[in-house]
Amino acid sequence: MPSVPSLMGMTKRVLVGRPMRSELLGEATLPKKIALPVFASDALSSVAYATEEILLVLSAGGLAMFHYTWYLAAGVALLMLVVVASYRQNVHAYPSGGGDYEVATTNLGPKAGLTVASALMVDYTLTVAVSTAAGVANLASAVPALNGHLVLICVVIIAVITLMNLRGVRESGTAFAIPTYCFIAAVAIMIIWGFAQIVTGHHLVSESAHYTIKDTTNYTGLALGFLLLRAFASGCTALTGVEAISNGVPAFKAPKSKNAATTLALLGAIAVSMFAGVTALALASHVHTAEEASQLVGLPSGATPRTVIAQVARSVFGGSSPLFYLLQFFTALILVLAANTAFNGFPVLASILSRDGYMPRQLRNRGDRLSYSNGILLLSAMAILLVIAFQASPTRLIQLYIIGVFVSFVCSQSGMIRHWNRLLRTETDPAARGRMKRSRVINSVGAGFTGVVLVIVLATKFMKGAWIVVVAMPIIWLVMRAIQRHYQSVAVELEPPENLRPFKPHSNHAIVLVSKLHLPTLRALGYAKATRPDSIQAVTVEIDPDEVQALRDQWDAHDIPVPLTVIASPYRDITRPVVEFVKRMRTENPDDIVTVYLPEYVLGHWWEQLLHNQSALRLKGRLLYQRGVVVASVPYQLRSAASQQAVHHPPAASAPLQETR
Amino acid sequence: MPAEPDTRTAETAEAAPETAPPAPEAARERPPRERGFLRRLISRIATEADELDDADLQAAIPAQGATPIAQCQDREAVCILGTLRTVTFQPRAGVPAVQAELWDGTGAVTVVWLGRRRIAGIDPGRAVKVRGRITALGGQRVIYNPIYELRPPATD
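So the protein sequences, as listed, match chains A and B. Going by the working numbering, the first sequence opens with residue 4, and the numbers climb by one from there. Going by the working numbering, the second sequence opens with residue 292, and the numbers climb by one from there.
Since the hints were derived computationally from the structure, they do not count as laboratory data. We treat Cβ as the ideally placed atom computed from N, Cα and C, and that holds for glycine. Take these hints with a grain of salt, some might be off.
Which stretches of chain A does chain B cover? Using the computed rule of at least three CB atoms under 8 Å from a CB of chain B, they are [unchecked claim]:
no.	segment
1	540-549
2	556-567
3	571-581
Full structure from sequences and hints, please.
This is the structure in structure tokens:
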């Protein structure tokens, strides 16, 4: 009979696609032109909101603050270049895909590695949540009708991305390439067009240029410094996603390290120029925005201010130009796709962690399409929870963001310094030494910069919600340690000792559990005899004396050549008397084995299960804890099971005991 | 009142029948009878039903002039009062015999009646009093062809 897949199986096939053979694994690598959008969409997409975040923070100090934007943007761009340069070193030195986790573990020890891992896990989850929320916010800027359903839209989008990733890296790569390139092109056109207008003497005027901002506080001295630092920290969101490439080196086409480094450089160049361009246009067109809509004087009451990039696009292209809508569309799309970067990073990280015993083993399994499906599902579940908990508000979510990224930046860059120090100790070739020293300088600068920024980010965002991350990271750290301890202790216990005495049971006593004499019982009896045990007996529990009498009569009528033992059960229980009986058989000789044969009939449908009670399952569960006891299920397939055979395998119901309780 | 060892000590005693007096720690686990009402109540709630039954079984022994199994010496004529925990019926093809496991709360002994395949009244759960000579056979204590007396349930 040809096997017919179940409804579940068919749904999965439609959603995920045909399973791929393991040999195809090596072929799922990405050329540079696909790798750039796959890994860079996160870093590039932050262009869409990094400028806005800076302006939002500055708005607290009033319009006068906006002239600081330039310095802050320059700082962010510089930081970006430093981080990209540092990561190019990482990619060459550690091409195996462990990324920051591996760098930190190798050079700073497993505790540092675990710190990086927990930081990255928090951040990957936040990347999904933040990008989706920001993307949907942009969509709502173009189509205000969506404003009431942001959470629902976010959840649907995350589900779709999850599905794309379950289909596998190759296909998701191609699907993500086009929107990413379109976004780059659209922003480039906007910047060029905008600058052309400025050069030709047009004045760009954004819709919010005539708004003024109610400055709530007057910032001077320290407070001013703090505000600027906070704006800078917000702008640093532009840096997230840079580490994704260093985690994804194995996914590149050979030569992997070189291609990854080139992609990183491309990413840095594109992101910095886009960020600078958007910021320049925002300043030139006098985009005014504020954290609270009520702070904006001149904004029609009840209206939500558009995102900064939307305002810039409107002033460049005009409010009804198709190019404006196109840019808005691609911005929303890339923000959503930025979430995909995390889907590339998180599952790989989780699989490496589970390889090292810090995460459950299941996260190492590749699914039908060779993607780490369990990791993908875990990430998507956590991100959906976050989105719901924070009501899909990008401004609230963004406060939790980037701390994890900077923790991992700092750890991996200081790890790299140690890495070069170690190599320099043994390297004698002057040319190689020169290269290493140069790399060490780059990484040192990277470590210094990111360290300072981490402190700034922590200090400025802690009260705004970052404390949640600061609490979550150690918890994840401790959980992973506990998982590792558990795996460790199990492994130690299972390790065969040096002077191992080969285990061979002295004798084997068979017990066949019987409730009435039907085909499953006869099959179990026959099977038990065929294993040639040292002793064999059939066992039944007396609940109803008449039934036992009937059984004994049948026993004689069929001339069964096996002694039948009846166990008293004064409390009508089945499990306990049988377990006690088996225990008593065991106490005589520790080297003996008692094998308990359970006849079971296999049902075809889950609802049939409901009609049979599960005492055999309960008994099996209890007997598992007895030393020297083996439980053997002897299945008997009912006709309904035979027709269902190919589909699924429900747990067998208890044949021997189902009549009795 | 005689000492009342529990299941576990009974089994060790079985393996080495000479050590007739039960181990002292047995006293800790058995349901205390002399202490305050509340304590007795709590310990009765916290104890499994069959352990309580064991205590009741043990309590019935001295009144009937029987010997606790744990204190039986090898090759001695004994009188034992307890319940049949299991009863085994031999197949028709083999030697006709009825075999049962008798439990008196201190230990277990196998009783065997040769030459018969069924004995009316010898059923699992039944309280009996048997007299016969106890022997150790391959680590198990056995009484062959004892005189038996069916009794009303000893547990109430």
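Outcome of the hint check:
no.	hint	verdict
1	540-549	holds (count 3)
2	556-567	holds (count 8)
3	571-581	holds (count 5)
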